[in-house]
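*Asks:* The chain contents come next:
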Amino acid sequence: MQFLLMIYRSETELAKMSSADLSAMYGEYGKFTEEITNSGNYIGGNPLKPTSTATTVRVRDSKRVVTDGPFAETKEQLGGYYLIEASDLDQAISIAARIPGARHGSIEVRPIMPRTQAVQA
Amino acid sequence: MDFETFHREESGRILSTLIRLLGDFDLAEEMLQEAYAVALQKWPTEGTPANPRAWLISTARHKAIDRLRRNQRFERKAEEIAKTTELAARPESDQDQEMLADDRLRLIFTCCHPSLPMEARVALTLRTVCGITTEEISRAFLVPLATMAQRLVRAKGKIREAGIPYRVPSNGELQDRLDGVLLVVYLIFNEGYLASSGDALIRRELCAEAIRLGRVLCSLLPNQAEAQALLGLMLLHDSRRDARVSAGGELILLEEQNRSLWHQEQIQEGTELVQSALRRGAASVYALQASIAALHANAKTAKETDWPQIAGLYDVLLRTHASPVVEVNRAVAVAMAHTVEEGLALLEELEKREELGEFHLLPAARADLLRRLGRTSEAADAYRRALTLATNDIERRFLRRRLAEIESQRGAQR
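Chains as they are written, first to last, in my numbering: chain A, 1 to 121; chain B, 1 to 414.
Just chain A, same shape as in the assembly (with noise of 0.2 Å):
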C-alpha cells in the first residue's frame, strides 16, 4: 500500500541553523532519498517553501476568498513530503522514522485511499 510521510519542523528552529548545518542536512536526506529509492519504496517525495510563501484559498457562495498564510497556525509546519510504497504500516513507520526530520520534527504518516474506495466512499 501507499503511505504519505508528512515532515512536520519548527521553521523558527530551521531559520536558525547555520549554513554548514543546513548543507548537512540536506545531504542527509539526500542520502535517505537514495536508500529507500533502491529499496524500491521510493515513489516521490519534495521539500516545500517555508509557510510564509503560503496562500490560502477557500470557495464560499461561488465566491473566492484567497489569504495568505497557511490554513492554521501551528508549532511545527509541514516543510516537505515523501510518498512511499510499504507493505504495511509498520513498514511505513520505521521508514518515517529514518527521515532526518524525525529527530527534530515530526512525521505524520497516513495511508493513501485506493481509488476505488474513493469512489465508495
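Hints listed in this document are in silico derivations from the structure and should not be mistaken for laboratory results.
Be aware that a few hints might be false.
To be verified - Some chain B residues near chain A, calculated using beta-carbon distances under 8 Å: (1) 115; (2) 161; (3) 162; (4) 163; (5) 164; (6) 165; (7) 169.
Unchecked claim - Restraint ranges, calculated between C-beta atoms of paired labels, are given here: (8) B:316 with A:104: 27 to 35 Å; (9) A:15 with B:341: 52 to 60 Å; (10) B:377 with A:104: 54 to 62 Å; (11) A:58 with B:10: 54 to 62 Å.
Claimed, not checked - Away from chain B, derived, C-beta distances all over 12 Å, residues of chain A: (12) 8; (13) 9; (14) 12; (15) 22; (16) 27; (17) 32; (18) 34; (19) 49; (20) 52; (21) 60; (22) 61; (23) 65; (24) 76; (25) 79; (26) 80; (27) 105.
The structure presented is a predicted model; accordingly, all values stated were derived computationally and were not measured.
In this text, a Cβ means the ideal position worked out from N, Cα and C, and glycines have one as well.
Place chain B on chain A using the hints.
*Replies:* Same frame as chain A, now just chain B:
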C-alpha cells in the same frame, strides 16, 4: 470441559487464528459465532469432536468461503475474489502448534499497536484477546455501551484502513512494542485493582484477565524479563485481594490487613518471578514496584517489614520514574525505616511544591504520620484537607473513619 468454559478459554485463541486466515476482524468474529451455533446443534447429538478447536476453525473457515463466494455473485470485487481463491487454496493443515501460538501473539501485538488510541488498545485487547463482552467492558470502565461499541468499531476500522499488520514485530522492534503491550496489560490490571466504583465482580475479572495475559506473554516470550516482572507484580498485588477491602467495602491499609488472608501460593510464584526477572537484568518500573511488593508480601508483620530496603527502592524509583505517588510513598517508607519526624519533614517539603497542592494522598499521608506522633489536632486538620481533595468513595469513607477515630480520642482526652 463444559461448553461455557471451553468458550471462555478457547475463543481468543480460535479467533486469533481465524483473523490470520481471513485477514478481517469482523468477518472472523461473525464466522466464529456461526461455527459455535453449528457446534451447539451438532455436538450434543453427534458428540464433541476429538479436537474441538480445529473443528471450529475449519467450520468457520468454510463458512467464510461460502460467505465470500455468495457476496461475489452480487458484487464481483477483485479483492474478495482473490481472498476467496487464496483461502480455498490454503491447506487445511495450516495449524501446527507453533503457528497457533504465534497467532495469539500476533493478535495481542495488533490490538496493542501504538497507532491506536490507548483506550482503544485496552478495549480491543479485552474484547478480542480475552473474549470479554462489549457490555462487560463498558461496565468496567463506566462508559455507555454505545460509546464502547463505537470505540471498538473505530479501532477495528483503523486496523483495516491504516494498514496495521497482523504479525509479531521483528526482533529489532520487539522490545519497543513489547513495552507498549505490557503497559496495556498493566492498565487493565490497575483498572481492576484501583478502580473506585463500578461492579466489584467485573473489577476482579479484569485483574484475573490481566494476569492471564501476563502468563500468555511469559510463556510465548520466555526470555523477556520485564514481562516476568509485570506478571510478578500483578500476582503479588492480587494476592492481597481478600484482605484489602472489608466485607462492608471499607479499604484496609496494608499494615492493618489480616495477613493470613493473603494467598501464599501467589506470593511465592510472584516472588520467584521477580527474583528471576531481576537476575536477568529487569530494571523497569514494574521490576522496582514488584520488588517493593515482594518485600511487603514476605514480611510476617507490618513491623518486621524491611523498610530500609523499601525506602532505598523508592529512591531508585524517584530517580527513574518520579511521580507524586512515588514521592509520598518514599516519605512514608523513610518514616517507617528511620523516624516518623524525618518522613514528616519530607512530606512538608512536598507540600511547598505547587504542583502537588491538589494531591489528596499528600495530606492523607501527613495526617497518618501526625496521628502516630500523637499530634491529633494537626492530624484532624490534615484528614479534613484530604477529604476536600479525595474523590474516590472508598478512600473518602476511609478518611472519614480515621477522622472520627481521632476526634473521639480528642474528646476522651478532654
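*Asks:* Which of the numbered hints above does this structure break?
*Replies:* none
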